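Asker: The chain contents come next:
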Amino acid sequence: MIDRDLAVRLVVAAHARVNDHQEELSRLDSVAGDGDHGVNMATALAEAARRAEHDDHGTAAGVMRSTGAAFHETVGGAAGALFGAFFGAMAGQLSKAEAPDATQLVAGMEKGLARVARVGKAEPGHKTMIDALAPAVRAACESLNGENGLEAVMAAAARAARRGATETAGMRPSAGRARFAPDHSLGTEDPGANTVALVLESWADQLRTEVRA
Amino acid sequence: MSIRTRRFLNDPARAVAEMLEGYVAAHAGIISLRDGMVVRATPKAEGKVGVVIGNGSGHEPAMIGWVGEGLFDVNVAGPIFSSPGPGAIVRGIEAADRGGGVLLLVSSHAGDIMNAELAIEEAEDEGIDGVEMVVLYDDVASAPKDRITERRGGAGLFFVWKMVGAAAERGDSLEACAAVARKVRDRTRSLSAATGTVAHPVSGQPLGDPEDTTLSVGMGVHGEPGDRLGEDVGADEIAGLMIDRLLDDAGLPSGAQVGLLLNNAGSLTLMELSVLYRGARAALERRGIEAVRSWMGPYATTLDMAGFAFAICHMDGGLLELYDRSASGAGFTMVGRQGR
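Going down the list, the sequences are from chains A and B. The opening position of the first sequence corresponds to residue 1254 in the numbering used here, with each subsequent residue numbered one higher. The opening position of the second sequence corresponds to residue 87 in the numbering used here, with each subsequent residue numbered one higher.
Hints in this document: simulated from the structure, not taken from any laboratory. Because the structure is a prediction, the values reported are computed rather than measured. Backbone N, C-alpha and C define an ideal beta-carbon position, used for all residues, glycine too. Treat each hint with caution, since some may be false.
Simulated crosslink set (SDA-like; lysine to any residue; CA at most 20 Å straight-line) [claimed, not checked]:
#, chain 1, residue 1, chain 2, residue 2
1, B, Lys-130, B, Asp-334
2, A, Lys-1374, B, Glu-208
3, A, Lys-1374, B, Ser-259
4, A, Lys-1374, B, Val-221
5, A, Lys-1349, A, Met-1254
6, B, Lys-130, B, Lys-269
7, A, Lys-1374, B, Ile-206
8, B, Lys-269, B, Asp-334
Cβ pair distances, simulated, as ranges [to be verified]:
#, chain 1, residue 1, chain 2, residue 2, range
9, B, Lys-231, A, Glu-1376, 32 to 40 Å
10, B, Gln-343, A, Arg-1425, 54 to 62 Å
11, B, Asp-313, A, Glu-1376, 35 to 43 Å
12, A, Asp-1436, B, Leu-95, 33 to 41 Å
13, B, Gly-185, A, Asn-1272, 18 to 26 Å
14, A, Ala-1367, B, Gln-343, 33 to 41 Å
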């Protein structure tokens, strides 16, 4: 079951991972963007982790909602809007269950993906975070249907997200700021897709550690 | 050639908040700070339309300098180069509300549009009505004319803020103010040029390649790259090339009257600006276009970018009357027929 404490640990793990990679993310963003993606994501997740640890959100849904708000309030911009929308939609789904488990988490990721697509008006292949998130959701669904537990489901999602993020290097952007220079970022991975992969990898690692403990 | 990375700041993460405090303190009679937003020191009369915008910082005086009589009622300044989030924009809408409805203007950039749309949804959920949003664009380099709504917002939006602010101050309805915004937008075109790039104050990362000092035309306000020009091109030729492109795109006939803006993107000297302005006037004359109003200076910057933008606005159908109305912001004031 995904309770409040596990949700806090997931947010803290995501912050630690993204924080370790923030320079690399900013460098990817500087190719066709304004070079602050890593700083922004690390800042938002630091605030999200701070709120998760210090505020009493009661449930996993509360932690995810507060994380979404941290993105909206601290970094703004397209990335803030989209990651905020993802965590907000995830919170909405988790709040529907008394004791959310892997099924609700995957449903929450699906809802998050749908809201990101609606807010960002982007589709797979546009070289955005969706190119990591969509395959991750697909892989998580398949793993869940194979009657795997939370740890295996998240590991499958993280692997698919990483593959998706790597594949964005070969794409030309057709959404967001980067679309104004479609060839400029060819050969460079999308920073948002990389953040998705880092967050899901941190979650997979956290869950594996806990299962083995 | 290197870019300037050493800035006169304290903690870079606090730069925007400290900028707002200092800027407002220096212009106390015109603007004040409320809940992190720049608002007019003297609110607009009850019943008139409030005009608000949220935008990324790093483009000053846009838009903190554009709050005041005949201009914006509220500016919600976001992080550097990033729109503020939806919650902050909703608070801006509430602060701008004088009972006549609120017009939320959006310069077309992916993040600005997303956050504004989320803010409109949030405002509706909170029962705030009488809010209208208009997305504005003018940059001819960002999309071809047959996909004009995909263009991004650039320096030419100067004309929109000026004339929408005047319409709202005059007491025009929300519907009429929104119509002015669309009308001015559809008559405005801009194009920018720069050489080199700038460093992001927080990450320290350059926007683009710091070693590349090629002069490029059509770059975006966040350093998005443009077309490149050779080293032997002079100011007259650059101005002529840019003005021709603007006039071709706008499809203006000989004899048309335009407003002409020359925006300093950051660190150009007044010497360079003046020489470029002279070249633009000559280029307009060659095409039989009359520049009836002009403004030259820093309007929407990209930190200390060595660049500029030209914008033209076709001043027909009563727009001159709106342009000439007085305005008083910390970064832009106009009394009488200035820039004629």
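Asker: For every hint, state whether the structure bears it out.
Answerer: Consistency of the hints with the structure:
no.	hint	in the structure
1	B:Lys-130 <-> B:Asp-334	39 Å, violated
2	A:Lys-1374 <-> B:Glu-208	18 Å, holds
3	A:Lys-1374 <-> B:Ser-259	32 Å, violated
4	A:Lys-1374 <-> B:Val-221	15 Å, holds
5	A:Lys-1349 <-> A:Met-1254	14 Å, holds
6	B:Lys-130 <-> B:Lys-269	24 Å, violated
7	A:Lys-1374 <-> B:Ile-206	17 Å, holds
8	B:Lys-269 <-> B:Asp-334	19 Å, holds
9	B:Lys-231 <-> A:Glu-1376: 32 to 40 Å	25 Å, violated
10	B:Gln-343 <-> A:Arg-1425: 54 to 62 Å	41 Å, violated
11	B:Asp-313 <-> A:Glu-1376: 35 to 43 Å	28 Å, violated
12	A:Asp-1436 <-> B:Leu-95: 33 to 41 Å	35 Å, holds
13	B:Gly-185 <-> A:Asn-1272: 18 to 26 Å	46 Å, violated
14	A:Ala-1367 <-> B:Gln-343: 33 to 41 Å	49 Å, violated
The structure shown violates the earlier hints numbered 1, 3, 6, 9, 10, 11, 13, 14.
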